[in-house]
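Chemist: If you read the protein sequences in the order shown, they are chains V and X. Counting from 377, one number per residue, gives the positions in the first sequence under our numbering. Counting from 173, one number per residue, gives the positions in the second sequence under our numbering.
Treat the hints with caution; some may be incorrect.
Unchecked claim - Simulated crosslink set (EDC-like; lysine to aspartate or glutamate; CA at most 20 Å straight-line):
hint, chain 1, residue 1, chain 2, residue 2
1, X, Lys-317, V, Glu-1108
2, X, Lys-256, V, Asp-610
3, V, Lys-834, V, Asp-610
4, V, Lys-655, X, Asp-190
5, X, Lys-317, V, Asp-1103
6, X, Lys-255, V, Glu-1108
Treat the hints as calculated values from the structure; they're not laboratory data. Keep in mind it's a predicted model, so treat the numbers as computed, not measured.
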Amino acid sequence: MKSPLHHPDLSTDILNADDDSLLITNISRRIFLKDMALTGFVLAAGFPSLLRADETTPSSTKEKYGADAMPHGWVDNPLVFVAIAIDGTVTIICHRSEMGQGVRTSLPMVVADELEANWQRVRVEQAPGDESRYGNQDTDGSRSMRHFFMPMRRVGAAARTMLESAAAAHWKVPVQDVRAEQHQVIHPATGRTLGYGELAKAAAKLPVPARETLRLKNPADFRYIGKGQVGIYDGQDIVTGHAQYGIDTRLKDMLYAVVARPPVFGGKVLSYDAKNALKVPGVIKVIELPSSPPPADFNPLGGIAVIASNTWAAIQGRMALKIDWEKGPHGSYDSVTYKAELEAAARKSGKMVRNDGDLDAALQVAAKRVNAEYYAPHLAQAPMEPPAATARIIKGVCEIWTCTQAPQVSRERVAKWLKLPEDKVTIHVTLLGGGFGRKSKPDYVIEAALLSQAMNGKPVKLTWTREDDLHHSYFHTVSVERLEAGLDTQGKPLAWLHRTVAPTISSTFGPDSKHQMATELGMGVINVPFDIPNLRIENPEAQAHTRIGWFRSVSNIPHAFAIQSFVAELAVAAGRDHKDFLLDLIGPPRRIDPRTLGDVWNHGESPEVYPVDTGRLRRVIEAVSHEATWGRILPKGQGLGLAAHYSFVTYVAVVVEVAVDEQGKLSIPRIDIAVDCGPQVNPERIRSQLEGACIMGVSLATLGEISFKEGAVVQDNFHTYQLTRMDEAPREIRIHILPTTDFNTPLGGVGEPGVPPIAPALCNAIFAATGQRIRQLPIRDQLRKD
Amino acid sequence: MIKLNINGKLRQINLPMDTPLLWALRDHQGLTGTKFGCGMGLCGACTVHLDGAATRSCVTPISIAVGKKIVTIEAIDQDSTGKKVQEAWLTQGVPQCGYCQPGQIMAATALLKLNPSPSDADIDKAMSGNICRCGTYCRIRSAIKQVASITEIKP
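Just chain X, same shape as in the assembly (with noise of 0.2 Å):
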């Protein structure tokens, strides 16, 4: 029995060690807004933010998670750089099937909170291991360059 602190809140996760955060968040937890796409790190789909970085619950264990703070999509409204991401993801119309944005806002969350006003490089650096089969990529680009215009703060 290990403790994790999900959202702000402490969770009591009953699971071996070695299990994967995705699958405590999704099947334990019932935190679904956190997608299953690849199990090996490749697509983004899982990206919770641990510590506020972006990490890929589906290869990361619960043990490496405890003591850490988790943040996962349904809780990212409450960070002010990730409301706005939200609310950027839907001024530019960025979901078609939505399945990988919660991923993709996750880590362009991180990526606005560490740099508020990225380059075209570095939004392909921080994005590209965020796969929308849909192809929503030049809207993401977009809705994360709305953010950066908006939270910019010229000196």
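Looking at chain V on its own, in the form it has when it is part of the complex (with noise of 0.2 Å):
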């Protein structure tokens, strides 16, 4: 039977660098598994059949929400998670990859304290892509902790328990006499105690206890959870470099591979000349990869590959290639028409998706009738880490190491393009420099496999480089929002219009229907918790020239842009200070089932366990705007702007601060944000998410585009995909996490939610410092005095 210990370290042949000190910190951690191997330990070891009960499962006729609405759901079964060795290492599996949210360390800290370890006595192995062992994988949504918060405190439990049981037992006294403390159990009426390695072995032969006899920790007792104090699990390797990140992976005998794409989507080769990249020393081979018909899903785009003993030989061996290109479908797409083509279809109706009241009739009899489009480009999610994959194929078995959000997803398409059964297939899961939803797609994955077939199995890594990874990413859309309103003569909205345009995401799995997928109106448009009696939404035609994909926060971000600097747009045409003015606009604290709205979505939660919360979101407004002193009066130049929005189930709010000098220049002295997520499992690496999401929303905002020209994106690189830097960043970033102590209240997300209301709030800032009104992002050189 397999261990769970599935890690990279377990293969024999990974490489070590020659660094000495290298070696050993790999050396020491595979004698640690050794051991482990050797003397057996026991909360381990899979019993598929106890995996998720059925009585649990809710029935077909039911809605399904939340993790339950998931692919393979998710599992609490501490023979899955949990591994205790005889000299007490506790090993607690993370099942979800980890790319700087701090998953490694936030989920198992919760099994950890329900089971009563000691931290620093606690080990964290990744799970290999396996659903059907672990629960659901794919790690994006803002959802693992709001997914698996309850699942992994009931694996910790139910592992305590039977710590507990196996010292009562032999102690002989009743299991209710004893507890359970940091690492021991105590029999507090004699004082006697046992260690967890001692009980390990007489625990592991217990049966799971059933799921409704756990007895959870009360939150009062919690030692982790909420607490913050606990770093993240892989510091210590990330500062002196010794952290495996998926461009890292060394095999024995290992070839390094990279690929010329099809410079335009849909496009394939013609014909090509090999020769001179032949000649490059160190290139080994080149290799023609099939396209794929469309649509694109996470089938790579085929090319040609270069083989070779380096990195650096295969990238000058590409160099040297001569490639002829079928530009194929879209090889007119240029964003400057196209951004033309979505402004023409914002200023027709288009398809209906909600309406309220009787919008045409209130626009006819409003004393103010006030319009704006805005403009959100493309972008590319560019973590600092591109796409790299290593795959080797060894009898017909395939082992893969990559950085993925989508391991299983990634196995599974695996499998289908080596024709091998899925149980052939392996996904060691490795620490992701970044991902923000691009390794969420696995068509890397799937050309490491193919160019390891393609080698009899020889052990290929395959890098993408920047450029490769800003021409073929999996676009987040462009898109133009108008918006209508009508105002009464107290400066009241009557109307609302908001006409939404972009390429869908389905586009990439199917044919394209030209219209936004109810997941992409849920985020933020068509469930604007707005109290206006006359609403219409509408969705007219955008067809998709791209492989348009998912970006943190996803269409949360071009929506938020344009409702929040609308929402301050009429505040300015009401005469009203903008905070008051939003407050009205949301109304009265009221619990919104968001179908009602037409949201059928809601983030893929339950209406009922999630409903929209006018109260919540005042509440981040206000204790935003009372902690950037919202009013406070400024010298010239310098404004402040706010903006909330609520995506992921979680409420923000933001207060920007900005100074714009003479020539124009933009500065960001302070960012102060406001967040409601519910309770808090780990408060400190929530905050660093928070800070992360002001500075991406900052990029996007000031920097961020990617435009297409005659089919081909335009920017190669850092220099003209330019991201914020330290010089331009917010200098301050405040972060006001509402306090929840019930944990028995729903958990909200946390990685996403911070983007959307940036861009708004900065440029509401930008216009309150200015008097100019930013409507199409990049900010860039729009404020420029020449």
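Fit chain to chain and form the complex, with the hints in mind.
Modeler: And the structure:
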């Protein structure tokens, strides 16, 4: 039976660096694992029959929400997630991908807390892609913690119960007379103790307690949950350069590859000449990869691969290739023309997706009508570690080491492409050097598998260069949002018309419907919680000409940019303070069933458990306004801007402070951001995620743009696809997490909800400072005075 | 065949002389702590020290490194400032994904060795060549200041 402790280090032929300290690190870890294997660990080895009990699975007649609705749902079997060695070392499996959000710390920390394990004696091992064993592993949608907090609590509580039962049996005392505390079980009446290592063997022989009998900790007794005192598990490895990312994999006799892909999506190789490439020292082979018919899905784009003895030789070889490309159907995609097409579509009626009251009549009687159009361009996720994967195939068994947000999907797709049974494909998940949605799409993983196959199974490491990453991403959509409102004589909005026009992610996976999916409309546009009697949302057509994919926060970005900018414009038109106007627009505190707003998706969560709570939205606005001293008088050229947005079932409000000098140079002295994400499991990592969200929001607002010309991406690298650097980053970011102590209330997402309100708050601040309204992102040099 | 002084040891390298130091370190020497981010000296992920100076190894041919002392993230703890920088990075909880952090640490160490108490402007100047997509800049600044406050010797 397979141990759950699959990890790259277990492979005997992983190459260690020549550096001695690296060797020591890896050897010590390998000895640890070998010892565990020899001595036998205890709560380990899978018992598939113990997987999720049927009675708790919602019946098919009932709607499924949350983790229940995800492929392979959740698993809370302690035998899958926890192993205890006889020296007391507790190994906890993390089955979600670590990409900077801290999940390899936070989820195991939840298990350790319920288990009463001493964190100093906990080791974390990464699960390979295997959802039938671990539950859903798609690390996206800001849902690792909200979907797995309770299952991981139960994992820890069940393991703790087994240890307590083993101790009670040993002492022949009732189990209720003993208790687990920091890596040992105590019998208070006699003062006897037994360590977890001593109990491990006996505990392993006990049945896993039934879920309904589990005694979860009283949150008041949490040691780690909610405290923010645990540093990230991989911190030491990261600062010493020993952390292993996908791009760092090294196998014996490994070859290195890069691929020249069709510059235009849908294009293919007409002919190529590899003669000069093969002359480059170190180049071993040139291989043509087939292109795939639409839809794009996660299929490789095809092209010409260069296999070499090192990455640099492969890159040089690729430069020496002569390739004639056929451009295909999207060869004339041009961002300037396309923007005009989106604008034209937004100026006409389109598919109606929500219609409350009588919009036309209300607009007719309005005392004042205001309209505006907002443009937000394509973006590339650009994780600092570009996509990379290493594959080898030995006797019909494929192993891959890669940085992926989608280990199970990678496994399924590789199995399909290699025509192997799924159980002959193992996806070892490394650390991810950033993901932001790019690494949810395993096209690069399949490429590596195909290249290894073409090299008779030899290990091949495929590296994407930065140019590859920017040219061949699954791009964030591009959008025009047109809004119109009618105000009454007091400046109160009576009518609200929003036309949202953007190519849809669904075009990547099927025929292009040219309309946004429920999941895209549900990102802040259809479910806008404003108290306006006459409201219409329309979604005119937009055709996709590239691979559209999700980027951190997804469609919330253009939707929040438009809506929260427009509200500020309306406040000006009404002659009112922006904050007061926004609060009035949201209206009184109420819990709205998202279905009544036309949102059948609700970020995948139950409408009863997760209604749209305008009281919570109001509270983050009030909190951030208080903390930022909204309304304070600033010198000329400085200003405050406000925005609020609800996404991933979390409420966020932001105040950005800007200064614009006489030349039009923008600086951001401070951002205040308030968040209500429900109970906070790891507040320290919540803060770091929100700090990062502020930077990413500033980056996309000020600099971010991917554009197309003659079908191909214009930007090549970080000189043309610019990202915010330290000198232009906000100087101070102040995080205000609304306190919640009730761990029985549902958790909200954290990774994504901070990003969407940043761009509109920034543009609103620029308006306050300069009177100039930004309606097109990125801001870039729009403020410059020449 | 050339010899390079890497982390205090002479290593034989059999690669074309125009090979960037980055790939010699990563693919040939197995020192994968030095990261590839752009290949054009734009992001700083590949930063190493050449005779103490922060250097983008992705645009530095190995021919230029001959005869110089190359120090990578794997050995920066042997430098007292480097060790303090690593500790400050952990104290401040700087890393998110961590991928750019070896380069950030090498850049910060080079800065602090030249200038033990840098101003905000000094920090901006020294660190703006290093991109962090996760957005850890505020904590990087705090960590640099933490080291500066420890090492600063007032007359």
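Chemist: All hints, please: hold or fail.
Modeler: Going down the list of hints, with the structure as the test:
1. X:Lys-317 with V:Glu-1108: holds (14 Å)
2. X:Lys-256 with V:Asp-610: holds (18 Å)
3. V:Lys-834 with V:Asp-610: Not satisfied, since the Cα-Cα distance of roughly 30 Å exceeds 20 Å.
4. V:Lys-655 with X:Asp-190: holds (16 Å)
5. X:Lys-317 with V:Asp-1103: Roughly 16 Å separates the two Cα atoms, so the pair holds.
6. X:Lys-255 with V:Glu-1108: At roughly 26 Å apart (the allowed maximum being 20 Å), Glu-1108 (chain V) and Lys-255 (chain X) break the hint.
Taken one by one, the earlier hints fail for this structure at numbers 3, 6, listed in ascending order.
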